[in-house]
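There are 2 protein chains.
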Amino acid sequence: MIRRPSQPRERGIPEATVARLPLYLRALNGMAERGLATVSSEDLAAAAGVNSAKLRKDLSHLGSYGTRGVGYDVEYLIYQISRELGLTQDWAVAIVGVGNLGRALANYGGFVSRGFRVAALLDADPEVVGDHIAGLNVEHIDELETVIRLRGVSIVVLATPAAAAQQVADRVVAAGVTSILNFAPVVLSVPEGVDIRKVDLSIELQILAFHEQRKMDRMTGGPAMADEWPEAVDL
Amino acid sequence: MIRRPSQPRERGIPEATVARLPLYLRALNGMAERGLATVSSEDLAAAAGVNSAKLRKDLSHLGSYGTRGVGYDVEYLIYQISRELGLTQDWAVAIVGVGNLGRALANYGGFVSRGFRVAALLDADPEVVGDHIAGLNVEHIDELETVIRLRGVSIVVLATPAAAAQQVADRVVAAGVTSILNFAPVVLSVPEGVDIRKVDLSIELQILAFHEQRKMDRMTGGPAMADEWPEAVDL
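Just so you know, the protein sequences line up as chains A and B, in that order. With our numbering applied, the first sequence covers 75 to 309. With our numbering applied, the second sequence covers 75 to 309.
Not one of these hints is a red herring.
Because identical chains share one entry, a pair is satisfied inside a single copy or across any pair of copies.
Below, a list of computed lysine to aspartate or glutamate pairs in the EDC-like style, where the Cα atoms sit at most 16 Å apart: (1) Lys-128 <-> Glu-89; (2) Lys-128 <-> Asp-117; (3) Lys-289 <-> Asp-269; (4) Lys-289 <-> Glu-89; (5) Lys-128 <-> Glu-116; (6) Lys-131 <-> Glu-89; (7) Lys-131 <-> Glu-116.
Simulated from the structure, these hints should not be mistaken for laboratory data.
Starting from the given sequences, assemble the full structure and let the hints guide the process.
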């Protein structure tokens with residue numbers, strides 16, 4: 075297999091647009107659940123937290139322009155974005171690390187409904203290997219390379235402790251996988267051409283904190299924050 | 075307490091900027107971990123997946139302009155963003171639903187390091203109540219209102235099954251909490267003035283799938299996707 079990671083993308087969708095497509099998809103799925111058939115660019119933009127001009131520009135990259143006075147067809151736009159993101163394919167995913175987070179991810183309904191099929195669960199702990207979770211038996215990490223090859227795993231989810239993550243990532247990459255989703259609280263180094271994304275479960279909590287702070291400011295009559303730069307900030 | 079949820083914000087930071095601040099913070103924390111002292115707007119923008127003009131505009135809302143030829147001081151920018159997001163305060167968080175996901179969240183180091191202190195774990199299952207997790211005893215959901223009041227809980231994380239989430243959300247709101255982070259796979263309705271954010275753990279996986287699809291296209295010589303709109307899309 076010849077990899078040409080530096081080759082420009084065939085279709086020029088900006089990276090920032092790619093990052094927003096899942097947000098539109100999440101908003102659209104919520105609308106579909108509530109039975110909405112069409113949505114205006116203003117309403118969809120508001121639900122996704124962007125301005126409507128940007129939304130229209132993003133969707134124009136998909137060849138989706140909506141209908142004047144009607145807006146976008148919710149189901150069709152879900153299909154277009156899903157296709158663009160590759161979610162109409164079936165992606166075999168392996169989850170490495172079957173602690174609480176790995177188990178939660180294995181049982182997470184939102185993966186299957188987006189085209190992600192959990193094809194393997196792997197762990198190094200003999201106490202955990204053999205456990206039956208979400209229809210799968212947990213396999214030993216020694217089987218990693220075999221499992222990746224035989225089941226066509228194209229994305230690996232790392233839910234190991236921080237100390238084990240880099241070693242597993244190295245093996246995953248050596249086995250030919252070029253997409254890693256990292257839940258372990260550590261920055262991993264991978265060769266060029268490997269896409270790695272780090273999940274920070276506190277991101278949404280941070281946005282809530284911003285609004286909560288503003289609500290408290292309003293109740294107390296103004297910000298109660300120090301303006302000085304403290305000697306040490308523990309982050 | 076008088077709540078004025080419709081009052082305009084004292085400082086006019088656009089909502090879209092607020093949503094990007096945690097992304098900058100995540101990128102900056104990664105840089106700080108790697109020992110970087112300063113960062114250019116171009117590098118920070120690339121790490122956060124936005125364009126650098128937007129980054130500079132976002133940061134200008136915080137009064138942060140960097141230094142020509144040097145860039146931004148990483149630690150100071152972490153402090154400024156953290157302060158703006160309210161992360162230099164201590165937020166008491168209650169996690170409702172102590173299954174695998176609730177346990178994983180209770181043990182998640184990324185909360186504490188961002189100013190979120192898990193002050194309570196609650197569950198309805200008598201088998202789970204009394205379990206000792208991350209330094210806390212799981213309490214019965216009947217204690218929800220008491221716990222919120224006595225421990226000053228300002229943000230509730232819902233990690234219950236979908237069927238229980240709305241009922242818990244109603245009680246949380248009645249107890250005066252106006253910030254809810256929802257991991258349950260269901261759309262909740264809450265009164266105006268309550269901020270609710272839904273976490274979709276598959277968002278980052280979707281971005282990976284997009285790139286994986288592109289890599290496969292390059293190897294096979296072009297997109298293998300159907301252009302037709304199929305009869306049924308199961309999302």
